[in-house]
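> Listed here are the chains, written in short residue letters.
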Amino acid sequence: MRNGTTDLPVLKTFRAPAPIAPSGFAAPTILGGGTLAAFAMLFGASLALAQVTARPVGESAVTVLLRWAPLIFQGFLFNILISFLSMALGTVIGVLVGIAQVSLVSSVRKTAWGVTQFFRNAPWLVLLFYAMFLLPFEFRLFGFTIAFPAWVKAIIGLALPVAANVSEIVRGGIRSIPSGQWESAESLAFTRAQTMWMIILPQAFKRMIPPWMNLYAILTMATTLISVVGIQDGLTITRAALVAESRPELMIPMYLLLLLMFFAYCYPIARATLALERRFNVKA
Amino acid sequence: MIASYFQWLNDTHGLNFSVFYDAFDRSRFLTGLWTTTYICVVSIIASMVLGLIGVWLAGGDSRLGRLVVRGYVQFFRNTPPLVQLSFFYFAVAGLLPTVSDGSGGQSPLVSGTGWAIIAFSLFAGAFNVEIFRAGIEAVPSTTVEAAESLGYTRLQLYLHVVLPLAFRICLPALNNNLINLVKTTTLAYAIGVPELLYAASQIWSEMFNVREMMNVLLVTYVALVAVLVWIMGRWEKAMRIPGYST
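For the protein sequence lines, the chains are A and B, in the order given.
In this text, residue positions in the first sequence follow numbering that gives the first Met the number 0: the first is 0, and each later residue adds one.
In this text, residue positions in the second sequence follow numbering that gives the first Met the number 0: the first is 0, and each later residue adds one.
These aren't lab readings, by the way, just hints derived from the structure by calculation.
Here the structure is a predicted model, which means the values were calculated and not measured.
Cβ coordinates follow ideal geometry from the N, Cα and C atoms, glycine included.
Don't take every hint at face value.
[Unchecked claim] Footprint (simulated), chain B over chain A, 3 or more residues, beta carbon under 8 Å:
(1) 63-73
(2) 114-124
(3) 249-255
(4) 258-266
[Said to hold, decoys possible] Under 8 Å between C-beta atoms, here's a sample of chain A residues computed to sit facing chain B:
(5) A37
(6) F38
(7) T223
(8) L224
(9) V227
(10) V228
(11) L234
(12) A269
Using the sequences and the hints given, assemble the complete structure.
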């Protein structure tokens, strides 16, 4: 044993693990700031590199980037809007399908299970194509013409996998409530519908929030898929900007800018999900 | 027999499943299926290796290593995979030198398929780090201490005690992530890799059978995922230790 040190970890001095911030929010926010700062530095470095390697003619890289940044940000905001709308639509459908998955009627239960599995296991991009190509661009209902512009179809296409995932979240949440709750409600002469709405769902709701938020973050990142089917979102605008400027050295800073926007939006959601999971003590 | 049935279906009902009777379309579709399978298998293996390396560094003594792993995981988990892929294919690929392709032309160092594999491996690898870490944390500390007291080095401890147990614990989560990876491979369409979705879109734009191809495509992907689920289920069953956990 040299200088009293040892290779055996059990003989090393005990070091307590870092304490978790009591609120569950304070420490992660600081950490997130660090990561964000690190990537902002990376972005700055790539921009500086672009500035240095740029051809002497023309504007500086920073000027070009500043000119396009507001437009890219607008595209990014459109991504967020799409994510809100498809999350809302997907949640409404998903809750209904999820409740159908625990139905007492076997045929309803099995159909809901089949639908959920199918849409959960199909790739998002394929479902998006499905909605884009197979939905009519308008349809007539009692003499009214309801228009289906591309972005509405995109919302429906993204809502399909979201609904299937929400359905599983709801089913899991309902199943996680101890059966004693059902039995005691039954003994108090609650009907099944009353038990579901007044006893089971309010308790399950709390447990469904973290996975639901997680799903929202995944959906937000998936909204860039709409650029593949020709909708003007953040990614489309970034590409268009690069084509318009035809400055290859700007490619890395521009893509990093878009990545940073998504990171700055999705990372706090991920941290909040973790904090809520810890608070509700739900094991994933 | 099958070909003539689908030919008949096309002639009488107008349901044009060209992949089942047209040899050219079938070969295109099968090539796409092969490319998708290839990307899946290579990315699955690479992402698991990345996950293992990441979790080794994350539990290591090097502070820099821990920070790098944390940054990598957070960055790839919280940004859209499609933008990551575009970033690699359009931006990073531009920095790399081209190589001579032997017939006087220049071809990129890494092909579209190559970049797709790199991007998907990094994306899935970030999730795998977290999954493996959760599995390792779930190994009882008394087991680890017992092995340490027997004089195992850190590498031996990992290889013989921690990983075999942790792997069994994290298989269900790994399963989910790998299924997700299979679904993510469709994004390669965006950079023109001739995978399944790309092949299907080529067929439907020539044969005008979007509806039929779309259904064939969905069923194919669900079948691909089902095969993976089946393999992982078999594996999970084979690795089960009777009496250990559930």
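> Now look at each hint and say whether the structure bears it out.
Okay, the hints, checked on the actual structure:
| no. | hint | in the structure |
| --- | --- | --- |
| 1 | 63-73 | violated (count 0) |
| 2 | 114-124 | holds (count 6) |
| 3 | 249-255 | holds (count 5) |
| 4 | 258-266 | holds (count 5) |
| 5 | A37 | 6 Å, holds |
| 6 | F38 | 6 Å, holds |
| 7 | T223 | 4 Å, holds |
| 8 | L224 | 6 Å, holds |
| 9 | V227 | 5 Å, holds |
| 10 | V228 | 10 Å, violated |
| 11 | L234 | 6 Å, holds |
| 12 | A269 | 6 Å, holds |
Of the numbered hints given earlier, the model fails hints 1, 10; all others are met.
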